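Participant: So you can see what is in the structure, the chains are spelled out below.
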Amino acid sequence: MASNFGFSISKPRVIDIDRNNLRKSNEILREMPELQSCIGCGSCTASCTAGNLTSYNFRKVHTLVRRGEYVGAYEEMNKCMLCGKCRLVCPRGINTRKVAMLIKRKLGDF
Amino acid sequence: MSFYAHFTLPFIIGALAMFAIIAYRYTSWIVQLPRRDKALLRKGILSFATIRSVWEVICESLLHVKIWRRDPRLGYMHMSLAFGWFLLIAVGSVESLLYTGTLLVPLQGHVFFRYFATAIDKHIPLMDNIMDGLLLFVLSGVALAWFKRLRSRALGMRRTTRHTIGDRLALSTLWFIFPARLVAESVTAAIYGGGGFLTGSLGALLGEVVPASVLQALFEPVWWFYSSVLGIFFVAMPFSRYMHIFTEIPLIFLRNYRLSVGDKRTSYDNFQVQACSRCGICIDPCQLQAELGLNDVQSVYFLRDRREHQLTLNTAATCLMCGRCSTACPVGIDLNALRLNSRVEMRNTPSEKRFVYLRGLDRSEGMGKVGYFAGCMTMLTPRTLSAMQSIFEAADEQVWWADKSGGVCCGRPLKLSGERDSAHKMVAYNTELFRKHEITTLVTSCPICLRTFKEDYNLEGIEVLHHSEYIARLISSGRLRLRKGEGAFVYHDPCELGRGCGIYDAPREVISALGTLLEAKHNRRDALCCGSSLANLSIGDQAQLRIASSLTQELEQSGADTLVTACPLCKKALGRSAKVPTRDLSEIVAENIV
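Top to bottom, those sequences are chains A and B. One point on numbering: in my numbering, the residue at position 2 of the first sequence is 2, and numbering is uninterrupted. One point on numbering: in my numbering, the residue at position 43 of the second sequence is 43, and numbering is uninterrupted.
FYI, nobody ran anything at the bench for these hints, they're computed from the structure. Keep in mind that the hints are not guaranteed to be accurate.
Think about it this way: if two alpha-carbon atoms lie no more than 27 Å apart in a straight line, the pair counts; the simulated DSS-like pairs of lysine-lysine are [unchecked claim]:
hint, chain 1, residue 1, chain 2, residue 2
1, B, K353, A, K60
2, B, K425, A, K106
3, B, K353, B, K436
4, B, K454, B, K264
5, B, K369, B, K454
6, B, K38, A, K60
7, B, K353, A, K106
Fair warning: this is a prediction, and the values are worked out from it, not measured in the lab.
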């Protein structure tokens, strides 16, 4: 009997974020270092105009992009209307509006 | 008689080169104008606008009336150089006519007339004195310009422009032109006599002090020097900021023919961009300069970079677009529109696949001929929303609520960030929504939305009102009765409402109906920006707070017990650092309904 008691990990379903290419993510962070202070509270998403109308979730997109999960981020970010409410409610004073524009600029190819 | 001497060559070549370059540029810009603009030009040229333009050219290009109003010393400096030089040329041709009796004097004949006049045995002292007076007039301007470089504050400017190398070359030669003329004419007067009160007496003095042989040896070189600085200046001119000297003239005409800067770059923009004299008057009003010490993003630098094809996204993006610089600009350049179309060029992307979720969306509530559009920002200041609700109830108004439970943005934030095509989607969506519900009046409490409704929407048949105008109308028609109290209110003019839409009086009328209205030091057209402007794409939170704090301080200095504004974004910004309560206009109205 193998030591895994008959259980095993289904390889194709693993998302190993350590293996992601963080080049774009680091570029974004370099341009906006204040992103490191994000506490992921989700105020941005709660106040979002587009999020009120669709499933668009700014916190989710931002978090995924920071982890190197770029696929679909550009399309998601294009739902943003840039109204800037998220910026006013951010407890860390992050210029979230600029984040949205930056992600669009950096990830246009993905 | 002949009007040729070898020393005139630099002048003649320089002048011909300058006129050739300028003629080529203007012709190609006019040819490249969009068809719509060409039609405006054809229509305008034979209208009253042409006469008005001529008058404006005299007032602005020669006399510099707008700069006079800003600071008389600065106005005098600009006027003495422009108007003085013009008179030197105009009166100079009269002078040569009186002396020679013919109009057929070539250009260099006027400019170096004192040189050629040595061959004429005739003196008209009055003419000599007038010409000397004009030269003194221009020289006083040059002296002030020198002094301004040393101490700009003395001429009413805290900061002046930092110049490029091309500008410095042209500037230096310009500074030498008139002193060189003075020297050349004085030396001539010393040898041949004549001259007016200035060159004549200087010449007499030179004649006594300097030996005649030295004066003879100097005679040709001083005229060579004068001609050369003129020649160099003329060649450098089209490639330096001095291109503005001539470009302001066609700009004035085209502007009066109603050509305008749109969200797409056109050849008309060339006239606007090159009419900038880099005088730097736009630097002092800029709060990014005053509060944050940012020194390279102001309109003068933006235009310089754009003209030299070196514009970066950062320069284009770092601006509140509050419009304080446009208000101050003596040339009347449409600074915000130019910045906006540069942003569009850098950031616009086709939007076919974007915002498909807008299709069929309608979360509006209620029924009525009056529509209320809160706008995104008002949703973050719910007190404004509930205040508007009580006002509508008190006035017994049937209201259609466009976005009370979540609506679509007006599109201005996207437009301001350069994403024009996406903004058009919002415009199309909201227009359709307003049409569908058949409203005849649209009230909004957000000046950002208001401005885009007025500028970018085609809402024919729907009257667009800011809530301050709407409330003022309710009061004057007696539908809303308010209690006048003891409160002292200071009103802050939001940029988009004041400079953007020209609404200054309606909010003040409403406040006056409630209590005492106080004014801040900067108010109306000169009002400061709260720093939270959506046009700013790069300035961080702390920097915004600094801008807002200095504004709240100024507002509090008025001694008011409440800060009042009429923009949800301004309210948010002021509230962060204010020691006294910050209220939206609608809130103080709703509290005092009888």
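Participant: So, for every hint listed, does it hold in this structure?
Facilitator: Status of the hints after comparison with the structure:
Simply put, B/K353 and A/K60 have alpha-carbon atoms about 21 Å apart, close enough for the 27 Å limit, and the pair holds. Simply put, B/K425 and A/K106 have alpha-carbon atoms about 23 Å apart, close enough for the 27 Å limit, and the pair holds. For the proposed pair B/K353 and B/K436, the alpha carbon gap of about 24 Å is at most 27 Å, so the pair holds. The suggested pairing of B/K454 with B/K264 holds, with an alpha-carbon distance near 19 Å, which does not exceed 27 Å.
For a cut-off of 27 Å, the pair hint linking B/K369 to B/K454 stands: about 19 Å separates their Cα positions. Taking the CA atoms of B/K38 and A/K60, the gap is about 51 Å. The hint is violated against a cut of 27 Å. At most 27 Å may separate the alpha-carbon atoms for a hinted pair to count; B/K353 and A/K106 meet this at roughly 18 Å.
Hint 6 from the list above is the single one not met by this structure.
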